[in-house]
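Based on the provided sequences and hints, a complete structural model is requested.
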Amino acid sequence: MAFAACSRDLNQLLVGLPSADWNALRLHLEWVELPQGAVLYESGEVLRHVYFPVTAVVSLVSSMKSGATAEVAVVGNEGVVGVCAFLGGGSSHSGAVVQRAGHGLRMSAQAIADQANRSPALSQQLLGYTQALLTHMTQTSACHRHHDVDQQLCRWLLLHLDRQPGQDLHVTHERIAGLLGVRREGVTCGALKLRKAGLIDYRRGRVSVLDRHGLEALSCECYAVVRQAYDRLSAAAAPRPVELHAAEPRPMRPMPLRAALAMA
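For the sequence shown, the numbering used here assigns the number 32 to the initial residue and increments by one for each residue that follows.
If you're looking for bench data, these hints aren't it; they were derived computationally from the structure.
By construction, the Cβ of each residue, glycine as well, lies at the ideal position given by its N, Cα and C atoms.
Don't take each hint at face value.
Straight-line C-alpha distance at most 20 Å; calculated EDC-like pairs for lysine to aspartate or glutamate [unchecked claim]: (1) 224 <-> 179; (2) 96 <-> 109; (3) 227 <-> 179.
Distance ranges between label pairs, derived from CB positions [said to hold, decoys possible]: (4) 262 <-> 175: 21 to 29 Å; (5) 220 <-> 252: 36 to 44 Å; (6) 229 <-> 175: 23 to 31 Å; (7) 162 <-> 193: 14 to 22 Å; (8) 247 <-> 196: 13 to 21 Å.
What follows is the structure, given as structure tokens:
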């Protein structure tokens, strides 16, 4: 199927590459379907592929032996899933689960490492993104430790909203609680407060954001810190429209995490 040549339809890290670097990289890319709940890899697993989300959104999650989980970062079309592959690490310290179904570009871990070594432009893009991702992870950790559930809920909604079109998030309170590492009752109570304030509405399996500015006002500073890190990354890139032709998307079968996630 043809892939639109419009820059907004592509992963932003790839759009910013010079033509020669893109032409070398695209030979290794595969257009794939990423269904909700698909586990791209688990914590401690040796990475075989990296993923550049296009319309999909992926949660990076940390899992405990007890089965408890927490989202440490979220990746959309601004980034890449599997940074360990080009940083010299063979295995990941977190799992990666598709939160919003969509599509992405996949390539082997070996290919991305080889291409990064050959292309200073690609290496710079990847390292810049990794720096923003580390800021994201660090701020998320601080947020879990120092801010209440209501503020964490606002931050989570805003970060996921940034990575998809529209104002609706297809997610349950149970799923959000699992990703925040808190009790479901805490998320339900926080969501009720936001609905009474006219900021969101919700029904089973869907949260609709009605007043984004109001949500930002109630969120802790963590959202702004993370947003600014990615804004700096976007400002440093010079998007170039490219065109990709690829085969029909290959569906990926969802796989259960060993430490069970509270899936919707």
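Hint by hint, here is what the structure shows:
no.: 1; hint: 224 <-> 179; in the structure: 13 Å, holds
no.: 2; hint: 96 <-> 109; in the structure: 31 Å, violated
no.: 3; hint: 227 <-> 179; in the structure: 18 Å, holds
no.: 4; hint: 262 <-> 175: 21 to 29 Å; in the structure: 23 Å, holds
no.: 5; hint: 220 <-> 252: 36 to 44 Å; in the structure: 22 Å, violated
no.: 6; hint: 229 <-> 175: 23 to 31 Å; in the structure: 27 Å, holds
no.: 7; hint: 162 <-> 193: 14 to 22 Å; in the structure: 18 Å, holds
no.: 8; hint: 247 <-> 196: 13 to 21 Å; in the structure: 18 Å, holds
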